[in-house]
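Novice: For reference, the chains in residue letters:
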Amino acid sequence: MRYIPHSEAETRAMLDSMGLASVQDLFQCIPAALRLTADLPIPRGKSELELERYFYQLSRENDGVLEFTTFLGAGAYNHYVPAVIDGIISRSEFFTAYTPYQPEVSQGTLQAIFEYQTMVSQLTGMDVTNASMYDGATAVTEAVLLAQRARSNTAKVIVAGSLHPFYRQVMRTYVANFNLAVEEVPWDPTGRVDLTALAAAVDDATAAVVVQSPNFFGAVEDVAECARIAHARKALLVMAVTEAASLAAFKAPGELGADVVAGEGQSFGIPVSFGGPYLGIFSTRSEHLRRMPGRVVGMTEDTRGRRGFVLTLSTREQHIRREKATSNICTNQGLCALMASVYLAYTGKSGLRELCRQNLAKAHYAREQLCAVPGVGPRFSAPFFNEFVLTLPGDPHAFARFCKERRIVPGVPLKWFYPGLDQDMLFCVTEVNQRAEIDALVAATREFFARP
Amino acid sequence: MTQRVRNTISIDEKLLFEQAPGNRSSCDFPPLDVPSGEMTDYLPAALLRDDIPGFPELNEVEVVRHYTRLSTYNYNVDLGLYPLGSCTMKYNPKINEKLARIPAFVQAHPLQLHENTQGCLKVLQKLADLLVKITGMDGVTLQPLAGAHGELTGMMLIRAALTARGNPRRKVLIPDSAHGTNPASAVLCGYTTVTLKSDASGCIDLDELRRHLDPDVACLMMTVPNTLGVFEKNIQEVARLVHANGSFLYMDGANFNAFIGVARPGDMGVDVMHLNLHKTFSTPHGGGGPGAGPVVVVKELVPFLPVPVVATRPDGNLFLDYNRPQSIGRVAAFYGNFGVLLRALAYILREGSDGLRQVAENAVLNANYIRHHLSRDFHLEYQQPTLHEVVFDDKNQAEAGVHTMDMAKRLLDLGFHPPTVYFPLIVPNAIMIEPTESESKAELDAFIDTMRQIAREAREAPKLLQDAPQDIRNTRFDETLAARKPVLTWKGTGPA
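Chains as they are written, first to last, in our numbering: chain A, 132 to 583; chain B, 416 to 911.
Think of the hints as simulated: they come from the structure by calculation, not from any bench. Everything numeric in this text was worked out from a predicted model, so none of it was measured. Ideal placement from N, C-alpha and C gives every residue a C-beta, glycine not left out. Among the hints, erroneous ones may be present.
[Unchecked claim] Pulled from the structure, derived: some chain B residues nowhere near chain A, Cβ distances all over 10 Å:
| # | residue |
| --- | --- |
| 1 | A435 |
| 2 | P459 |
| 3 | P468 |
| 4 | M504 |
| 5 | D614 |
| 6 | L621 |
| 7 | R679 |
| 8 | L789 |
| 9 | I841 |
| 10 | R888 |
[Said to hold, decoys possible] Dumping the calculated BS3-like pairs for lysine-lysine here, alpha-carbon to alpha-carbon at most 30 Å:
| # | chain 1 | residue 1 | chain 2 | residue 2 |
| --- | --- | --- | --- | --- |
| 11 | A | K382 | B | K429 |
| 12 | B | K429 | A | K535 |
| 13 | B | K810 | B | K648 |
| 14 | B | K586 | A | K455 |
| 15 | A | K480 | B | K429 |
| 16 | B | K612 | A | K455 |
| 17 | B | K541 | A | K177 |
| 18 | A | K177 | B | K548 |
| 19 | A | K365 | B | K900 |
| 20 | A | K177 | B | K513 |
| 21 | A | K480 | B | K541 |
| 22 | B | K810 | B | K878 |
| 23 | B | K537 | A | K177 |
| 24 | B | K429 | A | K455 |
[As the list claims (entries may be wrong)] Going by beta-carbon spacing under 8 Å, a handful of chain B positions derived as facing chain A:
| # | residue |
| --- | --- |
| 25 | C442 |
| 26 | L499 |
| 27 | H524 |
| 28 | E530 |
| 29 | N531 |
| 30 | H564 |
| 31 | M571 |
| 32 | Q651 |
| 33 | D682 |
| 34 | F749 |
| 35 | G751 |
| 36 | N783 |
| 37 | V902 |
Could you build all of it, start to finish, from the sequences and the hints given here?
Specialist: Encoded structure:
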């Protein structure tokens, strides 16, 4: 009734015009035994004011979110979100539109997606990018499925142990129902994938090698060497990304030999929002275009020769191909792709460069200061972007509890993800972390570990 | 005839990459408060890129103008009726947008301490509880990120339960009226699919079902009401047959808005069902996502739900429980599309038990009003009573050389978004209309008048339809050209 415009008189007039006595007559097709005779066992509707009070009350139970300083990354990154993004995506024309099935009245969405595809391709150095996937984890999994389609008679994928643990879990959930084994290779003392172990693991039955860079430990991988090892046995190199901002700093994955770049685009203007909605990025080479999952927008012209954009190559997709489709994916993360587009267009080439420089400067400052605390040391030696692992001279969980009293969430203890890394913690420092906050973290570290 | 709103800007907005060069991004950052260096001070130069060739560099005003101009080329549900059948383009309440932007929710990191995010966890738990009660099922996962993702998750749950019983089985039965995602999801879960032919009323043919039920059948996937809008009158018998075969009954919940508050899948013998929160529960479609596809299940399937699930500690605090040994695992990086889930919770609480029932009643009333008043002009292949949508076709107009696509495109000229066309496949040249409960009588009457005008034009001036649209910004696009010579990124030139 809150969002239903009919007056009683109008409802009556509509029923009369159809020769019906009551709306209930329209539900006679549902067997009587199944029709509810009582209301659903949930509360009656609330007014808008009550609703707002309810949610503000709940938000106060998230108090720490605004009051604590956090150094959390691990697949979700605290970057500044410029106001312009919400200003654009709040327009009804974007957020209350459907998938652009009628291109003549959807050119806004379609051109924006085409521009998204272009900007992401420029960043990844790949030929094509789809209109987006659900999130980083499902995008990487779909990349593996593409590789298996591209390399028939393959039965396994080799995955770096430093791929995000949640991404590896999602991949295992998906492939459990296929004849596809997931083998993990370890990392070396630098924090990068052990190239000797990788070369030994890849064989002719390998569909793909999956390497994340920067990886879960923050280490920047030698992607070119991983690609050479994969290609030597005709396997595809899938480069996974969780921190998309790093794409603006490092050599383009396409230049390094990646066949698919798949990952998370949340860093591009999408808030951390307790884990979603985020943005799955998926780019690949032209040769895999017709195996690519998801929607894609292409340029064309109308009958008067005016340039425009349409959803295209839909013969890959489920609504045409049904059981023979390249994926079951249907909708994408359209509005999140728009957020990323606005972010990239607004930030621009020079802004992205400064963003990367600030992340590098702050993360390196933080690591240097933390490592000056007696007993604290870097776990790995590889170059890093804005995340790094430190070994602590004590229990990371006890340290985290101590920091809580100082209103700091220091980082992610790795023990839960990697038994054996019991004293290690993953820190993330971005442009939003101020020097005073970093110094407070360092002071807390010094104080906790100086205690007897 | 009706004069509909148009807000299209007349100029052609260039691509971001074609804007005048020489501008400088307005994006700035606070001065670095730590020792400042260049990128090469931190990383080996060999790892770094020099440039991002072709990447835009624009001023904030230009960016805002660009996207605002683009936005005027879009139809949207805040502008008017958007009668896409099966898509449920209902109104997206403004309060939900406000609530979803509360900073303490938006800025909650998914790995933040549980004690700092009790509010987020309560949102998830409350929504889970309400969805279970609304559907009459026993458990739910909120993790799937879209409807098709929910389908896949549901199939994985069935497979896990059958494997636990000793045999995952090999086949999934799917009626020919189903959404295309159903077979694709079943295949992605390692099953082969068997298509069931519908009976003369568009429902499941019980004899056909009996013939196909064998020990290899894992489940029957059905959409209720089906894609014709017809409620499966034999659903209880279907459930009995499926269960007697040791198989599961999967309900595609894309059309749940047709009977929410009126009946419950849990009372019908359904074992698994995904819900499209962006359909029934009003969350915005966003030009194609993000959606959310929670999956509700019966007791037997609860142990297999994805990890983590929200659980309560003895002290009353909530936490994310990973200790579920039979779980199929994760299906997404984190806990689902939290921002979408929050909007759905707001919608359910605002409507309540009284409002949700009215949602179904008015969605069905509106669809039947359109059906009643258009059935003299348009051919209705299936005559059975329908709920929230109605599927016509172009048989009455085809003789004049006017086809479904022509009528859809003429609607654009006349200021409406067209219905879903050429789906479901069991009605050739289908015109599938779903008005939802959001539309006023005046808006419905305007649509009905316009459709009748189109039927008249088909008889008297078919060329008007065959050439449509002519009165809006663009005429029809050459989709063959787009597919034959794909231009998927800007390289400085158009299609050759």
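Novice: Going straight from one Cα to the other, do K382(A) and K429(B) come out at no more than 30 Å?
Specialist: Between K382(A) and K429(B) the Cα gap is close to 29 Å, so the pair holds against 30 Å.
Novice: Are L499(B) and chain A close enough, Cβ to Cβ, to be under 8 Å, as the hint says?
Specialist: holds (6 Å)
Novice: Return the status of the interface hint for V902(B): holds when the least beta-carbon distance to chain A is below 8 Å, violated otherwise.
Specialist: Since the shortest Cβ distance to chain A is 4 Å, the answer is holds.
Novice: Run the C-beta distances from P459(B) to all of chain A and say if the shortest one exceeds 10 Å.
Specialist: Its Cβ does come within 10 Å of chain A, the nearest being 6 Å, so this is violated.
Novice: Holds or violated: K810(B) with K878(B), Cα cutoff 30 Å?
Specialist: holds (17 Å)
Novice: Is the Cβ of R679(B) farther than 10 Å from every Cβ of chain A?
Specialist: violated (7 Å)
Novice: Regarding the assertion that A435(B) does not contact chain A, is the least Cβ-Cβ distance greater than 10 Å?
Specialist: holds (14 Å)
Novice: For the pair supplied as a hint, K480(A) and K429(B), is the alpha-carbon distance within the 30 Å limit?
Specialist: holds (19 Å)
Novice: Is K365(A) close enough to K900(B), meaning Cα to Cα at most 30 Å?
Specialist: holds (28 Å)
Novice: Please verify whether K429(B) and K535(A) have alpha carbons no more than 30 Å apart.
Specialist: Judged against 30 Å, a Cα distance of about 51 Å means the pair is violated.
Novice: Given F749(B) was flagged as interface, is its beta-carbon under 8 Å from a beta-carbon of chain A?
Specialist: OK, holds: F749(B) within 8 Å of chain A, min 3 Å.
Novice: Test the statement that I841(B) is away from the interface with chain A: the closest C-beta pair must be farther apart than 10 Å.
Specialist: holds (13 Å)
Taken one by one, the earlier hints fail for this structure at numbers 2, 3, 4, 7, 10, 12, 21 and 24, listed in ascending order.
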